[in-house]
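For reference, the chains in residue letters:
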Amino acid sequence: MRAIHDIHGGIHPPDRKSLSRPGELRDAAIPRTLMLPVRQHLGVPAKAVVAVGESVLGGQLMAEAQGAMSVPVHAPTSGRVIDVAPYPLAHASGLQDICIVLETDGKDEWRLMSGVTNWRELSPEALIERIRDAGIAGMGGAGFPTAVKLNPGPARPIETLLVNGTECEPYITADDTLMQCQAAALIEGAQILAHVVGAGHILIGIEDNKPEAIARVEAAALEAGANIEVATFPTKYPSGGEKQIIEILTGQQVPSGGIPADIGLVCVNPGTAVAARQAICEGRPLTHRIVTLTGEALARPGNVMACLGTPIEDLLVEAGLTLGAEQRIIHGGPMMGFAVSDLSAPITKITNCLLAPTLSELPLPGPAKPCIRCGHCAEACPASLLPQQLYWYARAKDQEQLTEHRLFDCIECGACAYVCPSQIPLVQYYRAAKGQIRDSEQERKRSDNSRDRFEARQARLDAEHAAREAKRAARKAAAESKADEEGADPIQAAIERAKARKAEQDKTP
Amino acid sequence: MPALLADQPLLGALLALLCLGAVFGALLGYAAVRFRVEGNPISEQINALLPQTQCGQCGYPGCRPYSEAIAEGDAINKCPPGGEETIQALADLLDVEPQPLDAEHGVEKEPVVAWIREDECIGCTKCIQACPVDAILGAAKVMHTVIADECTGCDLCIEPCPVDCIDLIPRKQGIGYWHWPLPADRAPRFDVIASDAHRQDAA
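As given, the protein sequences belong to chains A and B, one line each in that order.
So that you can map any letter, position 200 of the first sequence is 200 in this note's numbering, and since no number is skipped, the others follow by simple counting.
Every position in the second sequence, counted from 1, becomes a number in this note's numbering once 1000 is added.
With the rest of the complex left out, here is chain B:
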């Protein structure tokens, strides 16, 4: 055998490559089984960026199903509560071009919370069953109320209410939520030729 290998150097090299291939193949195969990741990690990351209103405006029953759909290749612009900011974050994560919000699924609104007009509530518990985050408290035939800190403003409770006693009111009101706005961009846009600026002013 050694004599044969000495005569045929090509055969020796082939044999060595074959052995290496078999060893690394086995290693890769073992690693694939041993370190298998359950679920789809990218959909987890997407889900972390979605606003978790669970409103279903995207056409999926909740944020997790939508995140799974995005991971499978669905569009990233179907989430009105998240708005431009979420689209931007998703585009960064997935390394795709950000698109404007798909108006078919709704428009970006300011954050709201549900508010039950309590003397009109008949205690039917329909809204409690509809609430995706268990943010409504109450029992049959007694008044219900919304835990404002937990409400996502998804509006799923509005439709089932038989007496229409639920309002959506802005969540961020008052001086405590205010912060400075970015300054208006008043920098004059000069073109390359300075005299263009005068033309702009005149226009």
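Next comes chain A alone, as it looks inside the complex:
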């Protein structure tokens, strides 16, 4: 039995998970049009490789990755590309970005796919290549390209592959459902990923509020092999943060600014493991995902397997949403999610939940009142930060102090804002401050580069000028030495020549 450690802080909000009946999975209908953003992950957007009017089959590559920090996008079903242009996205900014719009034909024809079953005989490099080509980005919410995560470099040997089945945020049951319905696939996916990173040990961490998932995963693990350990731990938000679950299960802390690989771990979401198994064993790219549709405004909440690119509105209407004017739709969970401004926006690889709460269920936040320095936020912070200090420094835009107070260790879980009696939107302050610091950092790099280029140009111009001067001086010296040799002053000679010519001209008329 593994020793379970406690993390600092944390909160116990009502979990409301039974609302979406975890464990029941239905297929969402294929909508008439799918909108596939080329940016569904963290990093560089993919580049569309299909033209408007082109017919595509399910699983066909539609946008290819641009460099290492990028993942491709594939067609979730067959149809015709009708547009490649900016469309609204499910993004906190409400901005638009390039989407490939696919008009589905309802036939759902797929290209021929070939997987391998003897993956144990393939090299990790070959498997990583397949995972990259399948367009897999972390499915827990951040969308980090999985192929990059699986390649921490030889300097960081990996001992343990950790599957993070915590799903600590209220309402969301997508991972719970996945663990219940696809436990065997999850285990095989975890084994593949462990083989890729060279981990000898597989650890699956699940919060104790999911007894069904724990039982199913334990049974599947028992069937698969002895090196798989299923660990359960008490429910608390945010135990599912990557650094938090690692501390809970190992007692070790990931160093500030570091990654789990620094202490010999790679941590993945169960959805990512299942997607990796599909990519390797079936040759099937990531084109679908499980989405929790929940909230009291829905008549039929539940978990659906939906095509990536399905408009949010289609899914919610299918789940029985009657759209009122006041209805808020939250992408993600109630703690870390954001309100979607345009319901025609599609779901992406990172959409684990769509929440349609009634006003009485999740009331709108009241106006922020002044901070009374009660310190509840510091008690709740799972990263042991000082949220109110960060708040003041964020307001003052004091970047030096923010960095000093470890703003970048903040996981934006929202526990501080949840306990704040003054209802201050603390996390938004931290997100804004992080954005400003990253901006300044970029600007500084840019200006350093400009300075170097300016100085290089200046040096070049000076050198050219000096070279011209030197040439002129050399010519002058040559002329003088010639004059010395001939015994006559060349300037005097030139003046005399000119005079003579002038006299000639005067005579002529």
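Mixed in with the good hints, there may be bad ones.
[Unchecked claim] Which chain A residues face chain B? A few, computed with CB under 10 angstroms, are given here: (1) P45; (2) V427; (3) A433; (4) K434; (5) R453.
[To be verified] Heads up, simulated DSSO-like pairs for lysine-lysine below, C-alpha to C-alpha not over 27 angstroms straight-line: (6) K1109(B) x K1126(B); (7) K445(A) x K1172(B); (8) K434(A) x K397(A); (9) K434(A) x K1109(B); (10) K482(A) x K499(A); (11) K1172(B) x K434(A).
Bear in mind the hints are in silico, worked out from the structure with no lab data behind them.
Ideal Cβ positions, reconstructed from N, Cα and C, are used throughout, including at glycine.
Put chain B on the given structure of chain A with help from the hints.
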């Protein structure tokens, strides 16, 4: 000599002080020569804070001359591309009061890059000569183009262009550059007396 010093303690003390003074004076003099700093270190620090657009809007030919001028005592509010943020940073560095941006030298605008409308370009190379950071590529009578990553948006290439084919377009566009804004400050400003709040609401 020792007898004289014993008789006159004041003289001994004076002599000792004199010797000490001479030794330390020599040491200081040597250190001043040996550890002499070339150039003006404060102007280097100022230059590191300036945005390096090399646009000349401050009235000096580039960021380094302006940084030298600030080190000599010129105003810190003449840099529109740097804007309030640079003024604040300079004020912190020099320990002076930040001033609002001097409107005489321009207003703070969002960052831009130059963009050559390529089918209109006649290949005169005038913009290439004007660019302070060598961010324009091209040769005589062939089309020129801007390396967007290197362009500082200084607008020095606009004026020399004989066919007016250079635009300045916003540099930070799209979802990749977005970040959360600071929340609007909606905290009610109570005065000392709570009933003042109602008056404020009514107003």
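Do the hints match the structure? See the list:
no. : hint                : result
1   : P45                 : holds (7 angstroms)
2   : V427                : holds (9 angstroms)
3   : A433                : holds (8 angstroms)
4   : K434                : holds (7 angstroms)
5   : R453                : holds (4 angstroms)
6   : K1109(B) x K1126(B) : holds (25 angstroms)
7   : K445(A) x K1172(B)  : holds (15 angstroms)
8   : K434(A) x K397(A)   : holds (10 angstroms)
9   : K434(A) x K1109(B)  : holds (22 angstroms)
10  : K482(A) x K499(A)   : holds (22 angstroms)
11  : K1172(B) x K434(A)  : holds (17 angstroms)
Violated hints for the displayed structure: none, as all numbered hints are satisfied.
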